[in-house]
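Q: In my numbering, the protein residues as written are 494 to 578.
Just so you know, these hints were derived from the structure itself, not from any lab.
Here are the in silico distance ranges between beta carbons for each label pair:
{"hint": "1", "residue 1": "Leu503", "residue 2": "Arg533", "range": "22 to 28 Å"}
{"hint": "2", "residue 1": "Thr572", "residue 2": "Gly509", "range": "38 to 44 Å"}
{"hint": "3", "residue 1": "Val496", "residue 2": "Thr551", "range": "28 to 34 Å"}
{"hint": "4", "residue 1": "Ala535", "residue 2": "Leu497", "range": "17 to 23 Å"}
{"hint": "5", "residue 1": "Leu503", "residue 2": "Thr572", "range": "39 to 45 Å"}
{"hint": "6", "residue 1": "Leu538", "residue 2": "Asp518", "range": "17 to 23 Å"}
{"hint": "7", "residue 1": "Arg559", "residue 2": "Asp511", "range": "19 to 25 Å"}
{"hint": "8", "residue 1": "Thr501", "residue 2": "Ala556", "range": "16 to 22 Å"}
{"hint": "9", "residue 1": "Ala502", "residue 2": "Gln547", "range": "17 to 23 Å"}
{"hint": "10", "residue 1": "Ala504", "residue 2": "Ala532", "range": "23 to 29 Å"}
{"hint": "11", "residue 1": "Arg506", "residue 2": "Ala532", "range": "29 to 35 Å"}
{"hint": "12", "residue 1": "Arg569", "residue 2": "Trp500", "range": "34 to 40 Å"}
C-beta atoms are modelled at their ideal positions from N, C-alpha and C, and glycine is treated no differently.
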Amino acid sequence: MNVLTEWTALACRELGVDPSLVDRDELLDLTKEVAHGVARPAAPLTAYLLGLAQGAGTAPADAVERLTTLARNWERATTETLGDA
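With the hints as extra help, turn the sequences into a complete structure.
A: Shown next as structure tokens:
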């Protein structure tokens, strides 16, 4: 077992989370896109916000895909938002 797999299993157990609900690779891909497309500190923040939304039941089914797309298009998204102001 590698360290990341072991950490995921132990962290899930500590938090009472079913490990089968965690798509580790999808989450790592999301945080990679955010770190490179937005800013490094935004990666853990995004993961936390996603977890809050999922825990509250407000995250859409395609939340990871939508956030990944937002990060990939960050420059355009912020330009459009500033243009609307």
